[in-house]
Amino acid sequence: MGKISLEVNGEDVELDVADNTLLIHALRDHLRLTGAHMGCDTSQCGACTVHIEGQAIKSCAMLAVQAEGRSVTTIEGLADDGEPLHPMQQAFHDNHGLQCGFCTPGMVMIGIDIARRHNVPDAATVRHELEGNLCRCTGYQNIVAAIVEGAAKMEAQP
Amino acid sequence: MYDFTYHRPASLDEAKVLIDENEDAQPLSGGQTLMPVLRARLAMPGALVDLTRIDALRGVNMEGGRIVIGGATTHAEVAQNEQVREHCPALAALAGEIGDPQVRHRGTIGGSVANNDPAACYPSACLALDAEVRTDRRTVPAADFFTAMFETALEPGEIVTAISFAACHDAHYEKFPNPASRFALIAVFAARLGGATRLAVTGGGTGVFRWQEGEQAVDRGEDLAAAPLDEGRFTGDLHASTEYRIHLTRVMAQRALARIG
Ligand SMILES: Cc1cc2nc3c(=O)[nH]c(=O)nc-3n(C[C@H](O)[C@H](O)[C@H](O)COP(=O)(O)OP(=O)(O)OC[C@H]3O[C@@H](n4cnc5c(N)ncnc54)[C@H](O)[C@@H]3O)c2cc1C
Ligand code: FES
Ligand code: FES
Numbered sequence: 001m002g003k004i005s006l007e008v009n010g011e012d013v014e015l016d017v018a019d020n021t022l023l024i025h026a027l028r029d030h031l032r033l034t035g036a037h038m039g040c041d042t043s044q045c046g047a048c049t050v051h052i053e054g055q056a057i058k059s060c061a062m063l064a065v066q067a068e069g070r071s072v073t074t075i076e077g078l079a080d081d082g083e084p085l086h087p088m089q090q091a092f093h094d095n096h097g098l099q100c101g102f103c104t105p106g107m108v109m110i111g112i113d114i115a116r117r118h119n120v121p122d123a124a125t126v127r128h129e130l131e132g133n134l135c136r137c138t139g140y141q142n143i144v145a146a147i148v149e150g151a152a153k154m155e156a157q158p
Numbered sequence: 001m002y003d004f005t006y007h008r009p010a011s012l013d014e015a016k017v018l019i020d021e022n023e024d025a026q027p028l029s030g031g032q033t034l035m036p037v038l039r040a041r042l043a044m045p046g047a048l049v050d051l052t053r054i055d056a057l058r059g060v061n062m063e064g065g066r067i068v069i070g071g072a073t074t075h076a077e078v079a080q081n082e083q084v085r086e087h088c089p090a091l092a093a094l095a096g097e098i099g100d101p102q103v104r105h106r107g108t109i110g111g112s113v114a115n116n117d118p119a120a121c122y123p124s125a126c127l128a129l130d131a132e133v134r135t136d137r138r139t140v141p142a143a144d145f146f147t148a149m150f151e152t153a154l155e156p157g158e159i160v161t162a163i164s165f166a167a168c169h170d171a172h173y174e175k176f177p178n179p180a181s182r183f184a185l186i187a188v189f190a191a192r193l194g195g196a197t198r199l200a201v202t203g204g205g206t207g208v209f210r211w212q213e214g215e216q217a218v219d220r221g222e223d224l225a226a227a228p229l230d231e232g233r234f235t236g237d238l239h240a241s242t243e244y245r246i247h248l249t250r251v252m253a254q255r256a257l258a259r260i261g
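Chain order of the listed sequences is H and C.
So in this note's numbering, spot 130 of the first sequence is number 130, and the numbers just go up one at a time.
So in this note's numbering, spot 199 of the second sequence is number 199, and the numbers just go up one at a time.
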C-alpha cells in the first residue's frame with residue numbers, strides 16, 4: 001500500500017510501511033513507541049495491547065495497514081512527560097501493580113478498556129477481563145487491585 | 001513475516017474481483033486466527049483481502065423472525081447487540097465468552113465459521129439454532145456447512161456474508177474453557193427449537209456435531225447420562241484425554257439443559 005495515514009496518540013502521522021508490517025512493529029520500529037511489547041508472538045500474552053478507536057486490541061495480530069484512517073493510542077499517549085500520570089498509571093504505581101514491568105503497558109491499556117466498559121468493576125470482573133493478559137511476575141493480586149482503583153478514579157474524574 | 005499484498009475493498013463486488021484476480025488470495029477479517037497462522041507460515045497466501053470495512057457485511061438485522069448477523073461483525077458487537085440479546089440471549093452470551101476482550105474486539109463471526117476450528121464456539125450455536133450460512137454465491141444450511149475439522153463447504157474464494165439464526169429464548173451455551181487458550185475444552189449449545197431438544201457439541205477434537213442420541217433421550221424423558229455417545233467423535237491430547245472429554249460432554253449438556261429448565 002505504501003504510505004498510510006493514521007492518528008497516533010492524538011497526532012496525525014504518515015507511515016511508509018510494507019503491507020506485511022505488523023502494527024506492533026510499525027509502532028516500535030517506525031515510530032519508536034517502544035512501550036507496547038512483543039511478548040509471545042502467538043496472540044496470547046497481551047503485552048502488545050494498544051487501543052484502536054478506544055478499544056483494546058493486540059497489536060501483534062493486526063497489520064499496520066489495517067489501522068489506516070484509525071486512531072491509535074499507546075501507553076505513551078496517556079500522559080505527557082512531566083505531566084501527572086493517567087489515573088490508571090497512577091493506580092499501578094500506588095498499588096505496586098508491577099515487578100519487572102514487561103506486561104505493564106498492556107495491563108494499563110486493558111485496564112482502561114475494562115474501566116470504560118464496566119465503569120466501576122469489582123475484582124472478580126477484572127480477573128475475568130484479564131483473560132488476554134499474562135504476567136510472569138506479580139501473581140496478579142496487585143494488578144487487579146490497581147485496575148479496580150484506577151477504574152474508580154477514572155469514574156470519579158470530571 | 002513473508003511477503004504478501006494487502007487489499008481493502010469497500011464493497012463486496014470489489015472484494016470478489018480482487019479475489020478472482022489474485023489466484024492465491026485469501027479473505028482477512030479479524031486476523032485473530034489468520035495472523036498467527038501467517039506468522040507461523042502455516043499458510044502463505046500471496047494476497048489478503050480485508051473484508052472488515054465493507055459496510056454490507058457488518059451489523060445485525062431481524063428478517064422474518066430470524067437473526068441475521070453480518071460476516072464481519074465482531075464478537076464484541078454481537079455480545080452487546082440489543083437485538084441479539086433480546087431474541088437469543090444465549091448467542092450474545094456465547095459471543096461475550098470467546099477468548100478475551102482484545103480478541104472479541106477484532107474477531108468476527110464470519111472468520112470463526114469459515115475457520116471451523118474444532119474447539120470454536122459459534123459452530124455449535126449454528127448447528128443447534130438451524131443457522132444458514134450466506135455467502136456471495138449461495139445459502140448453505142449449517143448442517144451441510146461444517147464438513148470436517150478446519151473444513152467447510154466453502155469453495156476457494158467464497159465469502160461468508162452473513163449467518164442467520166433461529167430466534168430462541170430456550171437456549172444456553174455451557175463452555176468448559178481450556179484454561180490456557182480459552183477455546184472450548186468441551187462446550188455444549190443446548191436449545192429447544194419447535195418443541196425438540198438440540199445438543200450441539202464442540203471441542204471433542206474431530207469437529208462440531210449434534211449429539212442426536214442425547215437429544216432423543218431428553219425428548220423421551222430418559223436419563224442423558226446413559227444415552228449413547230459416539231467415542232469416534234472425540235480425541236485426546238495434552239489438554240484432556242478422550243475419556244475426560246466424553247465425561248465433560250455429558251456434564252456440560254446436563255448443565256446447559258438445567259439452565260434452560
Ligand atoms: C487468544 C485467543 C483466544 C481465542 N478464543 C476463542 C474461543 O474461546 N472461542 C472461539 O470460538 N474462538 C476463539 N478464538 C478465535 C477467534 O474467535 C477468531 O476471531 C476467529 O476464529 C476467526 O475470526 P477472525 O475474524 O479473526 O478471522 P481471520 O483470522 O481473519 O480469518 C480466519 C480464516 O477465515 C477466513 N475468513 C475470514 N473471514 C471470512 C469470510 N467472511 N468468508 C470466508 N472466509 C473468511 C480467512 O481467510 C482465514 O482462513 C481465539 C483466538 C485467540 C487469538
Ligand atoms: S505479543 Fe501480542 S499477544 Fe503476545
Ligand atoms: S511485572 Fe513482570 S511480567 Fe508482569
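Please note: incorrect hints may appear among the correct ones.
So the derived list for chain C, only partly shown, Cβ under 8 Å to chain H, looks like this [unchecked claim]:
{"hint": "1", "residue": "THR5"}
{"hint": "2", "residue": "GLY31"}
{"hint": "3", "residue": "GLN32"}
{"hint": "4", "residue": "MET35"}
{"hint": "5", "residue": "ARG39"}
{"hint": "6", "residue": "LEU42"}
{"hint": "7", "residue": "PRO45"}
{"hint": "8", "residue": "ASP50"}
{"hint": "9", "residue": "PRO101"}
{"hint": "10", "residue": "VAL103"}
{"hint": "11", "residue": "GLU132"}
{"hint": "12", "residue": "HIS169"}
A few chain H positions that, by computed beta-carbon distances, are all more than 12 Å from chain C [what the hints assert, rightly or not]:
{"hint": "13", "residue": "ARG32"}
{"hint": "14", "residue": "LEU33"}
{"hint": "15", "residue": "CYS40"}
{"hint": "16", "residue": "ASP81"}
Here are a few chain H residues that face chain C, going by a calculated C-beta distance under 8 Å [what the hints assert, rightly or not]:
{"hint": "17", "residue": "THR42"}
{"hint": "18", "residue": "ILE57"}
{"hint": "19", "residue": "LYS58"}
{"hint": "20", "residue": "LEU63"}
{"hint": "21", "residue": "LEU78"}
Keep in mind the hints are simulated off the structure, nothing from the lab.
Backbone N, C-alpha and C fix where the C-beta goes; we use that ideal spot for every residue, glycine too.
Run the structure past the numbered hints and jot down the numbers of the failing ones, going up. 6, 7, 11, 12, 15, 21
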